[in-house]
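Under this note's numbering, think of the first position of the sequence shown as 60, with each following residue one higher.
None of these hints come from the bench; they were simulated from the model. Please note: incorrect hints may appear among the correct ones.
FRET-style restraints, in silico, Cβ to Cβ [said to hold, decoys possible]:
no.: 1; residue 1: THR135; residue 2: GLN66; range: 34 to 44 Å
no.: 2; residue 1: PRO111; residue 2: TYR145; range: 30 to 40 Å
no.: 3; residue 1: ARG147; residue 2: LEU127; range: 37 to 47 Å
no.: 4; residue 1: SER101; residue 2: ASN132; range: 15 to 25 Å
We put the CB at the ideal spot given by N, CA and C, even for glycine.
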Amino acid sequence: PTQYLLQQLMSVHREFRDLALHPVAVALMDHMIGPKWARFSSTNCFVKWKGPKNPNLGLHCDQAGMPLPWGRNALTANTNWCLTDYTRENGALAI
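Produce the entire structure from the sequences given, and follow the hints as far as they go.
Shown next as structure tokens:
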């Protein structure tokens with residue numbers, strides 16, 4: 060597999076809560092969704108990695124299941140935290 064689901068991370072350790080409430084992450088969510096609409100829907104995490112069978116994780120839109128038109132603001136948004144360094148040798152998750 061190229062990903063695992065970890066559930067309810069905020070209950071595992073306070074550091075996960077601190078990451079979710081990081082001022083930059085909150086500002087980005089407010090910008091994308093709007094400050095009065097941004098809410099936590101999940102504290103789950105997908106751990107994803109590249110490998111020989113999956114060299115590119117690709118980009119996608121999580122709100123694709125919502126009917127069009129979507130409007131100016133995002134309906135969903137995620138924050139991402141990289142736990143390993145990107146290097147020229149191992150590259151980015153997607154280009």
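Here is how each hint holds up against the structure:
no. : hint                          : in the structure
1   : THR135 <-> GLN66: 34 to 44 Å  : violated (18 Å)
2   : PRO111 <-> TYR145: 30 to 40 Å : violated (18 Å)
3   : ARG147 <-> LEU127: 37 to 47 Å : holds (40 Å)
4   : SER101 <-> ASN132: 15 to 25 Å : holds (19 Å)
Hints 1, 2, counting from the list given before, are not met by this structure.
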